[in-house]
Amino acid sequence: GAVVSQHPSWVICKSGTSVKIECRSLDFQATTMFWYRQFPKQSLMLMATSNEGSKATYEQGVEKDKFLINHASLTLSTLTVTSAHPEDSSFYICSATFGAGGGDEQYFGPGTRLTVT
Amino acid sequence: AQKVTQAQTEISVVEKEDVTLDCVYETRDTTYYLFWYKQPPSGELVFLIRRNSFDEQNEISGRYSWNFQKSTSSFNFTITASQVVDSAVYFCALSEAGNNNDMRFGAGTRLTVKP
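Chains as they are written, first to last, in the working numbering: chain A, 1 to 117; chain B, 1 to 115.
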């Protein structure tokens, strides 16, 4: 149980275009979903936290208007990279939790590798 | 703010050797949670363990063991009799109870096990 999927698993887009990444909790309702970014050979950096039906909370330094997060249901969150540029190329990972308190296990998706040319 | 330090960037061992991955953390919360994840070349994170700050018992799971010491703010991970399949990047992470589940990861340790 507690499976999280991401789609697509990889995407190549041209500079200036937008790309949407989906994160789904397949067998549970996620109270909270998280989006992380991981550059090559680096750690995971939290980008934003989103709760269903409310606006996402972005980490300092993450542009809200560039990385649009929509958490419309308890099983789906989307991350849209708007006007993508080569520096946005990265591995994007989402996670989901069905707990209500700190320290609840996060279930991670398999990641989406974005390449902007 | 919480912080996790994994001082070992890369470790290389020969198969069957034991290896310990270090993790040191900082937090002001009295209630917090520590995690270890494995990230193989495929990229998908594999959950290994979660411990809360009130449980300092060491844990063993097969060839894996964890040593949690609050006195030194460390949560070290040991692989006994390493195997080539253990080659991966290992991340230690910290989540504070009062911080909306936000999880902060260490920089990771890349473990290479040679045959």
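It should be emphasised that the hints constitute simulated quantities derived from the structure, not laboratory data.
Hints are not guaranteed to be accurate.
[Unchecked claim] In silico lysine-lysine, DSS-like type, Cα no more than 25 Å apart, as pairs:
1) B/Lys-70 to A/Lys-41
2) A/Lys-64 to B/Lys-114
3) A/Lys-41 to B/Lys-114
[To be verified] From the derived model, a few chain A residues whose C-beta atoms are all more than 12 Å from chain B:
4) Lys-14
5) Lys-41
6) Lys-66
7) Thr-78
8) Thr-97
Treat the numbers as computed from the prediction; the structure is a model and nothing was measured.
Where is the CB? At the ideal position from N, CA and C, for every residue including glycine.
So, going through the hints one by one against the coordinates:
1. B/Lys-70 to A/Lys-41: Violated, at roughly 29 Å.
2. A/Lys-64 to B/Lys-114: Measuring from Cα to Cα gives roughly 44 Å; hence the hint is violated.
3. A/Lys-41 to B/Lys-114: Holds - the C-alpha atoms of B/Lys-114 and A/Lys-41 are around 20 Å apart, at most 25 Å.
4. Lys-14: Non-interface label stands for A/Lys-14: nearest chain B Cβ at 23 Å, farther than 12 Å.
5. Lys-41: At about 8 Å from chain B, A/Lys-41 fails to clear the 12 Å cut-off, so the statement is violated.
6. Lys-66: Correct as stated: the minimum Cβ-Cβ distance to chain B is 21 Å, above 12 Å.
7. Thr-78: holds (20 Å)
8. Thr-97: violated (6 Å)
Of the numbered hints listed earlier, those contradicted by the structure are 1, 2, 5, 8.
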